[in-house]
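Novice: Those protein sequence lines, which keep their order, are chains U and Z. Position one of the first sequence corresponds to residue 340 (my numbering), numbered consecutively onward. Position one of the second sequence corresponds to residue 340 (my numbering), numbered consecutively onward.
Any given hint might turn out to be false.
Residues from chain Z that keep clear of chain U, each with C-beta distances beyond 10 Å, as calculated [to be verified]:
1. 378
2. 440
3. 442
4. 449
5. 473
6. 484
7. 512
8. 522
9. 524
10. 539
11. 569
12. 616
13. 662
Cβ-to-Cβ under 8 Å is the rule here; a few derived chain Z residues that face chain U [as the list claims (entries may be wrong)]:
14. 398
15. 458
16. 462
17. 502
18. 503
Covered by chain Z, per the in silico footprint, the following chain U stretches (three or more residues, Cβ under 8 Å) [said to hold, decoys possible]:
19. 468 to 482
20. 537 to 546
For the record, the hints were derived by calculation from the structure and aren't laboratory data. The beta-carbon is built from N, C-alpha and C at its ideal position, and this holds for glycine as well.
There are 2 protein chains.
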Amino acid sequence: MGASATTTPELYAMNGGDGRFSYAKNSFLQGHSVNASKEKIGEAIAEKLDLKILLSTSKTIRIVDVGCSVGPNTFLAIQNIIESIERKYQAQYLNINQKPEFQVFFNDLTSNDFNTLFSSLPPNRQYFAAGVPGSFHGRLFPEGSIHFFYSSIALHILSKAPEELLDKNSPSWNKGRIHYINAPDEVVNAYATQYAKGIEIFLDARAKEMVSGGMTVMSFPANPTGIPYSQTFTGAMFELLESSLLDLVKEGKISEAQVDSFNLPMYVPSLEEMMELVQKNGCFDIEKMELTSPGVHASMTNTSSMGKAIVMHVRAGMERMLIQHFGSQIIDELFNRYAKKFEEFPHHVLPSKKVQLFVVLKRK
Amino acid sequence: MGASATTTPELYAMNGGDGRFSYAKNSFLQGHSVNASKEKIGEAIAEKLDLKILLSTSKTIRIVDVGCSVGPNTFLAIQNIIESIERKYQAQYLNINQKPEFQVFFNDLTSNDFNTLFSSLPPNRQYFAAGVPGSFHGRLFPEGSIHFFYSSIALHILSKAPEELLDKNSPSWNKGRIHYINAPDEVVNAYATQYAKGIEIFLDARAKEMVSGGMTVMSFPANPTGIPYSQTFTGAMFELLESSLLDLVKEGKISEAQVDSFNLPMYVPSLEEMMELVQKNGCFDIEKMELTSPGVHASMTNTSSMGKAIVMHVRAGMERMLIQHFGSQIIDELFNRYAKKFEEFPHHVLPSKKVQLFVVLKRK
Numbered sequence: 340m341g342a343s344a345t346t347t348p349e350l351y352a353m354n355g356g357d358g359r360f361s362y363a364k365n366s367f368l369q370g371h372s373v374n375a376s377k378e379k380i381g382e383a384i385a386e387k388l389d390l391k392i393l394l395s396t397s398k399t400i401r402i403v404d405v406g407c408s409v410g411p412n413t414f415l416a417i418q419n420i421i422e423s424i425e426r427k428y429q430a431q432y433l434n435i436n437q438k439p440e441f442q443v444f445f446n447d448l449t450s451n452d453f454n455t456l457f458s459s460l461p462p463n464r465q466y467f468a469a470g471v472p473g474s475f476h477g478r479l480f481p482e483g484s485i486h487f488f489y490s491s492i493a494l495h496i497l498s499k500a501p502e503e504l505l506d507k508n509s510p511s512w513n514k515g516r517i518h519y520i521n522a523p524d525e526v527v528n529a530y531a532t533q534y535a536k537g538i539e540i541f542l543d544a545r546a547k548e549m550v551s552g553g554m555t556v557m558s559f560p561a562n563p564t565g566i567p568y569s570q571t572f573t574g575a576m577f578e579l580l581e582s583s584l585l586d587l588v589k590e591g592k593i594s595e596a597q598v599d600s601f602n603l604p605m606y607v608p609s610l611e612e613m614m615e616l617v618q619k620n621g622c623f624d625i626e627k628m629e630l631t632s633p634g635v636h637a638s639m640t641n642t643s644s645m646g647k648a649i650v651m652h653v654r655a656g657m658e659r660m661l662i663q664h665f666g667s668q669i670i671d672e673l674f675n676r677y678a679k680k681f682e683e684f685p686h687h688v689l690p691s692k693k694v695q696l697f698v699v700l701k702r703k
Numbered sequence: 340m341g342a343s344a345t346t347t348p349e350l351y352a353m354n355g356g357d358g359r360f361s362y363a364k365n366s367f368l369q370g371h372s373v374n375a376s377k378e379k380i381g382e383a384i385a386e387k388l389d390l391k392i393l394l395s396t397s398k399t400i401r402i403v404d405v406g407c408s409v410g411p412n413t414f415l416a417i418q419n420i421i422e423s424i425e426r427k428y429q430a431q432y433l434n435i436n437q438k439p440e441f442q443v444f445f446n447d448l449t450s451n452d453f454n455t456l457f458s459s460l461p462p463n464r465q466y467f468a469a470g471v472p473g474s475f476h477g478r479l480f481p482e483g484s485i486h487f488f489y490s491s492i493a494l495h496i497l498s499k500a501p502e503e504l505l506d507k508n509s510p511s512w513n514k515g516r517i518h519y520i521n522a523p524d525e526v527v528n529a530y531a532t533q534y535a536k537g538i539e540i541f542l543d544a545r546a547k548e549m550v551s552g553g554m555t556v557m558s559f560p561a562n563p564t565g566i567p568y569s570q571t572f573t574g575a576m577f578e579l580l581e582s583s584l585l586d587l588v589k590e591g592k593i594s595e596a597q598v599d600s601f602n603l604p605m606y607v608p609s610l611e612e613m614m615e616l617v618q619k620n621g622c623f624d625i626e627k628m629e630l631t632s633p634g635v636h637a638s639m640t641n642t643s644s645m646g647k648a649i650v651m652h653v654r655a656g657m658e659r660m661l662i663q664h665f666g667s668q669i670i671d672e673l674f675n676r677y678a679k680k681f682e683e684f685p686h687h688v689l690p691s692k693k694v695q696l697f698v699v700l701k702r703k
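Model the full structure from these sequences, guided by the hints.
Specialist: Written out as C-alpha cells, the structure is:
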C-alpha cells in the first residue's frame, strides 16, 4: 500500500477563495443547517448554560467553531451564539454594565483558507477573533480554557479513511466502491470503528480543553435508525458520486485501481452510536441528542436550481481530495455526470427528512 | 484630498507566499535582529519575569508576537521565549511535572499571509498556535488575558502617514519627498505627532490586555540621539528609495504629483521619545530601554551579497504599498535603480551601529 493510495487529511478542507467553486459561494446547504439550528442553540443556552459558574473564573467567554471553513455561515452561527449568551447574561444578572468580553476561535484544518476567512470577518463584530489551524482529532487549546464549542456539519469527517479498505487480502478490501454504501459488513465495520476512534479522541480533547459547566453544541449528518444508508439523502449523494466515477472507469478515463484505492473519509453515525461514545467518554452530561431536519429536504432538492446548488456544494467540499487522487483533468466531466445523475434521481423516494443529529453536551 | 492619495494600512503587510520577493525568503535582516535580541530576552525573563505571580491566576502562559509576518523569524523568537520561560519555571519551582501550557497568538494585519504562516508552523511545537488578524493600533485580545507581548521591527510602522502631508496649503505639505529626511520641521513634527498618537493607542491597548506582572519585549528601529536621521542606516535606505522614485519622475515614468502624494507610513523614534510615551501611559514599569545593534552593521552591508539581500528585504516589505500607489509597471525598474544606488552608497560614513531600541516593560 503506497502513501499515494491514501488521501492526506489536509485536502479535506473546503475550496478556498471566492471563485465559482469556492465554499464561500457554495455553502448555502450548510447555511440552511445553521438557520435550522439557530433556535435550538438559543434554547440550549437559555435553559442549560449557567453563566454565573462560567464567569466566576473568567471575565472572557471563549467560543470555538470547530471546522468553521471560510464563512459566511460561521459568522452567522457565532453571532447567534453570542446574542443568545448576552440574553442569558441579562436574564441571570442585574448589572449589564459589566458584560463579559468574547473571544472567538475559528478552527479548521491548516489547509483551510484562513486568509479569506479573516478578510471577511464582520467589521462590526463584538468579539476578538482568532484562527486556529489544526485537526479536531487532537488537542487545539490549553486545558480548561474554552467555554463553548460549536460545530456544524464537520464531525462526520474522519481523520482518514480506514487503512484496511486498501488491503487486497482483507475482507474489508473496498473494491469497486468509494464508501460503505452496499458494501459488506466488514467495510461498514471498518468505517464505524475508525469513526468511533476519532470521536473518542475528539471528546477526550474537548473535555480537557473545556471549563466545567461549558457547553458543546454540534450538528452533523446522521443515519436515522432502521433506514439503510443508501436510502438517505447523504447516502444517495455519495452513491451518485461513486456511480459517476465508475462510468469514467468504464470509458477508460480513470482506472479501476484508482477507484479501488479511493475511499471517502466520512462516516454518518446513528444517534445510538453517538450516544454510546459520549457515555463511554464520561466527561459530559447529554443535555440533548435528537435527530433533526437539516432545513433542506428531499422534495426541495427536486427543484432544478436547488439541485444545481447541491452539486456545486459537493464540488466545493470534495474537489480538492478528488483532484489529488484522480487528477484535475477529469474533474469537470465527473461533476457534469454527477449533475446529470442528480437531476434524474427520484429524491421523493428518500424516506426521512431527519438526517441530522443535534447534540448539546455540558462539561461535568 | 482623494481617498486614493493615501495608502491603505492593509497594504503595509509584508509580501506573502514563498516566491522570490516574499518576506519568507527575504527576512534575514529581521532574523539577525531576532538573534541579536535572543540573549537579551532570555536575561529579561530570567531576571524580571515572576512566574509565581503569573501562574497564580492561570495554568496557561499566553504569548503574542505583534506584527509577526509569516516566519521563519517569528517561530525562532517564540521558541526562544518559551525556552527562557521554561528555564525560569525550573529555577522558580521544584515540581517540574506541572509545567504550564503555552498558547501563542501570531498577530499581524488582516492582509498578512496567514495561510503561509500556518502551513509553516513548526510541526513539533510545544504550544497551541492561533492567528490574530488586526492592527496593533487597537485592541486585539480580551482584558487581562496576555502574559507576554513580543514585537520585532514592527513598532516603527504608523497606522497611516500623517494626513496634513498631503495638504498643499499646509506648511507640512511634503512636496518632493516620501518621508521626513531633509524635510522642514513641520513635516518631522507631523510624523512625530502621528507616531506618538499611535504608540499611545498601542500602550493603552496592551495595558488592558495584559495581566499584572506580564512582560512586553519590543525591538524596533530607533534614531540615536544627536545623529541626523539621514545619516542612519534606516534613513539612508529610505533616502535612496526616494531618490530612485525622483529619477523616475525626471524621466516622466511617474508624475511629480504621485511622489508628492506618497508618504512612507513609518517613523523612527529616539529613546527619549519612547521613554516619554511609556511614562505618560503610566501602566508599565520600564525594566530596560536601550539602544542596541540590530546585528547587521554598515560595514557588513558593503559586501555585495549582503547589499543585494537588503534590497530584496526592502522590496518584500514595501512592494505592496508601492505597487498600490505607483502601479506594478514601474516596480522592477524602481528596485533595479534602488539596488544600483545602494551598491554605490558609501555605507562606511554611517556613524552608528546602535540603531535599534530594545525595550522591556512590565505591567504594573
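Novice: Now look at each hint and say whether the structure bears it out.
Specialist: Checked hints:
1. 378: 28 Å, holds
2. 440: 4 Å, violated
3. 442: Incorrect as stated: the minimum Cβ-Cβ distance to chain U is 5 Å, not above 10 Å.
4. 449: Non-interface label fails for residue 449 (chain Z): nearest chain U Cβ at 5 Å, not farther than 10 Å.
5. 473: 8 Å, violated
6. 484: 6 Å, violated
7. 512: The claim stands: residue 512 (chain Z) keeps its Cβ more than 10 Å from every Cβ of chain U (closest is about 32 Å).
8. 522: 35 Å, holds
9. 524: 38 Å, holds
10. 539: For residue 539 (chain Z), whose nearest Cβ neighbour in chain U is about 21 Å away, the distance exceeds 10 Å, so it holds.
11. 569: Per Cβ check, residue 569 (chain Z) is outside 10 Å of chain U; nearest 38 Å; holds.
12. 616: 25 Å, holds
13. 662: With a cut-off of 10 Å, residue 662 (chain Z) remains clear of chain U, as the shortest Cβ separation is near 18 Å.
14. 398: With Cβ-Cβ at 6 Å, under 8 Å, it holds.
15. 458: With Cβ-Cβ at 6 Å, under 8 Å, it holds.
16. 462: Constraint on residue 462 (chain Z) not satisfied, violated at 10 Å.
17. 502: 22 Å, violated
18. 503: At about 27 Å, which exceeds the 8 Å cut-off, the nearest Cβ of chain U leaves the hint on residue 503 (chain Z) violated.
19. 468 to 482: With 11 residues in contact (Cβ-Cβ under 8 Å with chain Z), the coverage given for the region 468 to 482 of chain U holds.
20. 537 to 546: violated (count 0)
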